Every structure is written in structure tokens, then in C-alpha cells.
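J.: Protein sequences appear in the order of chains Z and C. Each number in the numbering used here comes from the position in the first sequence (counting from 1) with 86 added on. Each number in the numbering used here comes from the position in the second sequence (counting from 1) with 417 added on.
Hints were generated in silico from the structure; no laboratory data involved. These figures come from a predicted structure and were not determined experimentally. Even glycine gets a Cβ: it sits at the ideal position worked out from N, Cα and C. Treat the hints loosely; a few may be bogus.
Unchecked claim - DEER-style ranges, computed between Cβ atoms:
id	chain 1	residue 1	chain 2	residue 2	range
1	C	Arg-481	Z	Pro-94	31 to 37 Å
2	Z	Thr-167	C	Glu-500	34 to 40 Å
3	Z	Tyr-96	C	Arg-481	30 to 36 Å
4	Z	Val-170	C	Asp-424	27 to 33 Å
5	Z	Glu-103	C	Asp-424	37 to 43 Å
6	Z	His-161	C	Gln-458	19 to 25 Å
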Amino acid sequence: GQQVMQIPQYQHVQEGEDFTTYCNSSTTLSNIQWYKQRPGGHPVFLIQLVKSGEVKKQKRLTFQFGEAKKNSSLHITATQTTDVGTYFCAKGGNYQLIWGAGTKLIIKP
Amino acid sequence: DTGVSQDPRHKITKRGQNVTFRCDPISEHNRLYWYRQTLGQGPEFLTYFQNEAQLEKSRLLSDRFSAERPKGSFSTLEIQRTEQGDSAMYLCASSTIAGGLYNEQFFGPGTRLTVL
Chain Z
87 GQQVMQIPQY
97 QHVQEGEDFT
107 TYCNSSTTLS
117 NIQWYKQRPG
127 GHPVFLIQLV
137 KSGEVKKQKR
147 LTFQFGEAKK
157 NSSLHITATQ
167 TTDVGTYFCA
177 KGGNYQLIWG
187 AGTKLIIKP
Chain C
418 DTGVSQDPRH
428 KITKRGQNVT
438 FRCDPISEHN
448 RLYWYRQTLG
458 QGPEFLTYFQ
468 NEAQLEKSRL
478 LSDRFSAERP
488 KGSFSTLEIQ
498 RTEQGDSAMY
508 LCASSTIAGG
518 LYNEQFFGPG
528 TRLTVL
């Protein structure tokens with residue numbers, strides 16, 4: 087099908103530890119977008135990847151697109167409390183985005 | 418405020434009633450999307466407009482759901498004969514045409530629907 091599988095569902099980290107979420111598809115992706123949704127908020131666009139093997143960085147966030155364009159990852163270095171939220175990947179469908187279920191980043195108290 | 422706005426922010430209704438939600442996209446955005454999101458899930462696509470034309474509608478969407486964008490600006494989403502399973506957050510997003518099919522989508526704050 088057209089599903090996008092995202093793992094893990096949750097990740098608990100101590101502040102300062104790293105966080106990674108993975109997005110996988112059974113079919114080749116033309117593009118992948120990443121969004122962040124804060125608790126009680128709405129999704130906010132982070133980045134779009136389109137090229138095989140592409141790596142993009144935004145401060146402590148690193149986004150990768152697999153060589154085969156079937157997977158992508160988001161890595162956050164040295165997490166901060168402001169990173170808390172759910173991170174979604176989404177792939178382009180016919181006219182719309184097909185979303186993964188998200189990975190919730192939880193900072194341990 | 419030049420972002421996407423949605424009204425109302427919350428709606429509580431009884432099963433069987435009709436509800437209508439409104440979305441005002443960013444003014445220069447031609448594309449408008451409706452999504453539904455339940456707890457712990459990603460947004461689920463409902464329908465897509467380019468200007469006033471409804472170009473795609475999810476096959477999962479029952480006939481009780483209808484959406485319009487009569488002048489290519491604001492849009493409404495109506496749910497007739499609501500059911501408890503319709504309880505969810507309804508999100509609207511907009512984007513530009515320039516640059517390709519999958520541009521960044523800007524989301525509104527959503528309308529949270531509770532069907533009793």
C-alpha cells in the first residue's frame with residue numbers, strides 16, 4: 087500500500103541525549119517532508135528532502151534521505167526541552183501528503 | 418495575523434446533528450487541504466482544493482462529509498448526521514502552487530470535534 091511506517095512510536099530521553107526517528111516506505115519516494123507538532127499544537131513544517139542520499143542540517147537537527155529513496159531519518163543532537171513534541175514524516179501521494187504515525191519525543195524529568 | 422485560521426476551535430455536538438467548520442487559508446495560497454487527526458496518529462487526508470476546484474477526495478471519506486471552496490478563498494467542511502467516530506481534530510492546511518506539487522503546508526490550529 088501507500089503507508090509510511092515510522093518508528094519508534096515513543097522515545098524517552100534525558101535532556102542532552104540524542105534522539106532519532108526513522109521513516110520507511112515499501113515504495114520509492116519522490117520526496118519526504120518532516121513536521122513537528124508540539125503538544126496541543128498543529129504540525130509545523132521542518133524540511134523537505136528530494137534527492138537520493140540527501141543530508142540537510144538545521145542547527146541540532148540532521149535529516150537524511152536514503153540512497154534508495156525508501157527511507158529517511160531525523161536525528162536531534164543534545165535534546166532540549168524545546169524539542170518536546172511529535173515528529174512526523176510525510177510522503178507525497180497523488181495530490182496530498184501521506185503521513186506516518188509520528189514519533190513522540192519525551193524528555194525524562 | 419497572516420496564518421491559516423479555523424473556526425470554531427472547539428465544537429461539541431450530539432450524535433445525529435450536522436456541523437460545519439470554516440477554514441481561511443493564507444491569502445495567496447491556491448491549495449487547501451483538510452485533514453482529520455485522532456490521538457496518537459498522524460493527520461489523515463480528507464480532501465484537496467486547488468483554487469475552487471476539489472481535485473481529490475479520500476476514498477475513506479463517507480458521503481456524510483462534504484467540502485466546498487466556492488470562491489477559491491475560504492473553505493467549509495460539513496459533516497452530516499455526526500457519529501461518535503467522527504470525534505477528532507479537523508485540520509486545515511494551505512500551500513502555494515509555485516515550485517511543485519509537494520510544497521510546504523501551513524496548518525491552522527484545528528477544530529476539535531466531540532460527538533456525544
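J.: Taking 34 to 40 Å as the stated bounds, is the beta-carbon spacing between Z:Thr-167 and C:Glu-500 within them?
T.: 39 Å, holds
J.: Does the Cβ pair Z:Tyr-96, C:Arg-481 satisfy 30 to 36 Å?
T.: 34 Å, holds
J.: I want to verify a distance hint. Is the separation of the beta carbons of Z:Glu-103 and C:Asp-424 within 37 to 43 Å?
T.: Between Z:Glu-103 and C:Asp-424, where Cβ atoms are some 41 Å apart, the hint holds.
J.: Per the hint of 27 to 33 Å, is the separation of the Cβ atoms of Z:Val-170 and C:Asp-424 within bounds?
T.: 28 Å, holds
J.: Return holds or violated for the Cβ distance of C:Arg-481 and Z:Pro-94 against the range 31 to 37 Å.
T.: 35 Å, holds
J.: Are Z:His-161 and C:Gln-458 spaced within 19 to 25 Å by their CB atoms?
T.: At 23 Å between Cβs, range holds.
Checked against the numbered hints given earlier, this structure breaks none of them.
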